[in-house]
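**Q** Here is what each chain is made of, one letter per residue.
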Amino acid sequence: MSVAVPVAASHERVSDEARVVDAHGDHRVRRRMLLIAGLVVSVVVLAVVTVLSIAYGSKPIPVGTVFRAFTDFDGSNDHLIVRSLRVPRTAVGLLAGACLGLSGAIMQGLTRNPLADPGLLGVDAGAALAVVIGIYVFDIGSLLGYVWFSYAGALVASLVVYALGSAGRTGATPVKIALAGAAMTALLGSFTSAILLLDTETLDQFRFWNVGSIAGRDGDIARQIAPFAVVAIAVSLCTWRALDTLALGEDVARSLGASVGRNRALCAIAIVLTAGTATAACGPIGFVGLVIPHMVRKFTGPSHRWLLPYSMILAPILLLGSDIVGRVIARPSEVQVGIVTALVGAPFFVVLARRTRLANL
Amino acid sequence: MPTVDSQLAVADGVHDATVTDVESSARRSTNRVVAQRLSLAYDDRMIVDSLSLQIPTGQITVIVGANACGKSTLLRGLARLMKPKGGVVLLDGEPIHRVSTREVATKLGILPQQPIAPDGLSVGDLVSRGRHPHQRWFRQWSAEDEAAVAWALAQTDLTDLATRPVDELSGGQRQRAWIAMAIAQGTPVLLLDEPTTFLDLAHQCEVMDLLQHLNETDGRTIVAVLHDLNQACRYAHHLIAIKGGEVVVTGTPHEVVTEAMVADVFGLAVRVIEDPVTGTPLVLPLGRGRQT
Chain A
13 MSVAVPVAAS HERVSDEARV VDAHGDHRVR RRMLLIAGLV VSVVVLAVVT
63 VLSIAYGSKP IPVGTVFRAF TDFDGSNDHL IVRSLRVPRT AVGLLAGACL
113 GLSGAIMQGL TRNPLADPGL LGVDAGAALA VVIGIYVFDI GSLLGYVWFS
163 YAGALVASLV VYALGSAGRT GATPVKIALA GAAMTALLGS FTSAILLLDT
213 ETLDQFRFWN VGSIAGRDGD IARQIAPFAV VAIAVSLCTW RALDTLALGE
263 DVARSLGASV GRNRALCAIA IVLTAGTATA ACGPIGFVGL VIPHMVRKFT
313 GPSHRWLLPY SMILAPILLL GSDIVGRVIA RPSEVQVGIV TALVGAPFFV
363 VLARRTRLAN L
Chain B
170 MPTVDSQLAV ADGVHDATVT DVESSARRST NRVVAQRLSL AYDDRMIVDS
220 LSLQIPTGQI TVIVGANACG KSTLLRGLAR LMKPKGGVVL LDGEPIHRVS
270 TREVATKLGI LPQQPIAPDG LSVGDLVSRG RHPHQRWFRQ WSAEDEAAVA
320 WALAQTDLTD LATRPVDELS GGQRQRAWIA MAIAQGTPVL LLDEPTTFLD
370 LAHQCEVMDL LQHLNETDGR TIVAVLHDLN QACRYAHHLI AIKGGEVVVT
420 GTPHEVVTEA MVADVFGLAV RVIEDPVTGT PLVLPLGRGR QT
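Just so you know, the sequences run in chain order A and B. If you read the first sequence in our numbering, its first letter stands for residue 13, the second for the next number, and so on. If you read the second sequence in our numbering, its first letter stands for residue 170, the second for the next number, and so on.
Next comes chain B alone, as it looks inside the complex:
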């Protein structure tokens, strides 16, 4: 697995022209998001138990695991949407629960699964709301806000749809609009909970390509929960496999996605071959009839 530093060196070489806050801060510290012995629970039901992990800065990390294994809960815990029962999440070395909500919102954004916009809200207005953490009662809407919104719309190819209501868009466009809101927020770290669920194949590709593009253009750290293992292998630099609220294995897709891992984590017999297009692992379920 390539180290974080070597990845960043590559990123630095490519993007000399566009020095961003992300890259400069990435140079300062290695990993901005770290969980240490993190435990998360709903009421008394423990979902994540004493889990430790690191999110490599400047990379795309994908969290995979069976349904109800605690992936989404983990993501919520990392984003400070849940108070841990034990352990700690560090954001830039500081316990995230001691950082103010607003400060977290300038460093880390999260897009929950299936967010709902109020009817009639235009794409432009939705994306504008991403600027909330940068506004104060004395400083309302600035040229910087305007530029960030225009940039987010352009990146997500939504500029022409800016005046359209979000509820009239197709599923893929709607997901892009929410991602535009999240990137207008301008956080160096972006977490996404199942951004491709309920989208058809073309729209899934569209969303994942967009995330890859965002990662490549400004070195943004991206963490996504995905269901599709093949998709995860294609887009992730770093994979984290979760089972029963615990990390089973982490590493590059080649290191993580093996027949043994899928059998363990998903309880599914598969054959893993090389993806003829990308060379990444490709998971083919055997199905009940072909198991030996």
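So that you can see chain A by itself, here it is in the shape it has in the complex:
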């Protein structure tokens, strides 16, 4: 099967190689410890942000009261706000954030395009348009109904963008894919706007949804979206090996025994599930999926074995953090999280892109 490693070439060489194996092994072990430690720290930060997201809102509620909402629920207004508004909102933020981070990371890996993001490449816009069509034409009113429209929209949009971007002799270059994505985003967005303008009821219902918001998600939505998000996340975490081999180029991937078509299909399914779930839950939210994998890559390197779990944990930190900022900067009113992530994400991304060259994928 494999070329056996010649062991006993000479005694000197053996001891030499043993030393070398140890040095290399040591480095691997140390690096792995560092990456695990980083993951633990990220989880702790996520836990802190989750607590903050429950404790702080546009209506100031003392921390003690928040705490008692769980231990000693008395049905007061404050307790109701915490239990039926802030907790579901936080839960949706956690799940959608994880999905956004993963979809961005997988999309960048699959297209080998540092600018890939479901928001930029039209996937979110496709999902959003499909949901709005579902509401307007088919009168769908619940999340369990939207989510299928969202998946279908995400799937169609990604196929069209990929087909447009890979047309012509040069194949799917990053620039062509990005251009096709931008054009599709604009086109689909204008269809969505047209429907919303035609029908004020749909507009009212989806004003918030369309800019991306996790507010007003009640417990039902959190419970309904959870199984979809869990499946999407599980599928996504299985793509790391496929992405790592695809990252070496099609020919090398094939030469290493990977089935390129099957691997790409798996990644595409993961993107549609994650982007579709996130969009169904909170509308298109940009920049999270774009920025987080780039931040993560600086620490983990390009290996998806680490990139994916890190993105999954860091993206909800950014999403919930932005949501908290949106709740407190405009008290007593709120700014939707989609706007805050764009406000935070865009300058951050400009700095990132200018200071250090973005990684070639």
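For the record, the hints were derived by calculation from the structure and aren't laboratory data. Note that the Cβ used here is the ideal one computed from N, Cα and C, for glycine as well. The reader is advised that the hints may include incorrect statements.
[What the hints assert, rightly or not] Distance ranges between label pairs, derived from CB positions: (1) A:L191 x B:F367: 23 to 33 Å; (2) A:E262 x B:A438: 38 to 48 Å; (3) B:S269 x A:S205: 48 to 58 Å; (4) A:F150 x B:F367: 49 to 59 Å; (5) B:H382 x A:M45: 30 to 40 Å; (6) B:Q304 x A:V53: 23 to 33 Å; (7) A:M45 x B:A316: 14 to 24 Å; (8) A:P239 x B:H382: 53 to 63 Å.
Chain A is fixed; fit chain B onto it per the hints.
**A** Relative to the frame of chain A, chain B by itself:
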């Protein structure tokens, strides 16, 4: 031209101590890679038309030919990266397109021209990815994988650079890192598409010496597309000259590299003399002014 069997007999005598899978399987069959009436095309443009050849097991085979003669396409066809329009490639006697991708990957590796590693990928990680065909979801990273990677790094003299990102290496080191990945894969047959292109002379020698070393130490079958005829003569046991997608001549460098062949295949007037260092043919182009 020495026969495959006599070559193997020599190899067996030298490497009694290191019996490898390669050698044992080489004893079983003569030639592991054979093309029969192979036709390869991009869309409707026929690049290789009904070509037959054999890759001698345990030797270094070099494919030469002018630009756009179908060398790289042929290599891709042999490695199952392209579906043939006609004919068949046999790997160990089986049509390669009926063998699973993963099984092919345990027998035959190919290094494409100018592969690109993602930024920040360390040499060690790149070489580790060569172990992909040996891994399953239930069997992730084993001691055997670790040993194969360490061995590949040592063979390519990259052990000290294992933690460095591939994109920060020099061209020669980078090519060595990719070769290390390919040999960590542990395939008895290794195909390389222009492994020395874009390297300076010293780095070209470094890469070719490495391939020769790999062939000599474990009898690995190596097939490379090369541009430099003199280099090809120095390192190849077996040469295949291609023109217009067809084999013009095959054999030892002495048999293949003649003034007539170069005139035919490359359309170039040359003088062929004996290489004072190695005794292999040395090709000296006449240039426009000196043609008679």
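**Q** Work down the list of hints and note, for each, if the structure agrees.
**A** A quick look at each hint next to the structure:
| no. | hint | verdict |
| --- | --- | --- |
| 1 | A:L191 x B:F367: 23 to 33 Å | holds (30 Å) |
| 2 | A:E262 x B:A438: 38 to 48 Å | holds (40 Å) |
| 3 | B:S269 x A:S205: 48 to 58 Å | holds (50 Å) |
| 4 | A:F150 x B:F367: 49 to 59 Å | holds (58 Å) |
| 5 | B:H382 x A:M45: 30 to 40 Å | holds (36 Å) |
| 6 | B:Q304 x A:V53: 23 to 33 Å | holds (29 Å) |
| 7 | A:M45 x B:A316: 14 to 24 Å | holds (22 Å) |
| 8 | A:P239 x B:H382: 53 to 63 Å | holds (56 Å) |
The structure shown violates none of the earlier numbered hints.
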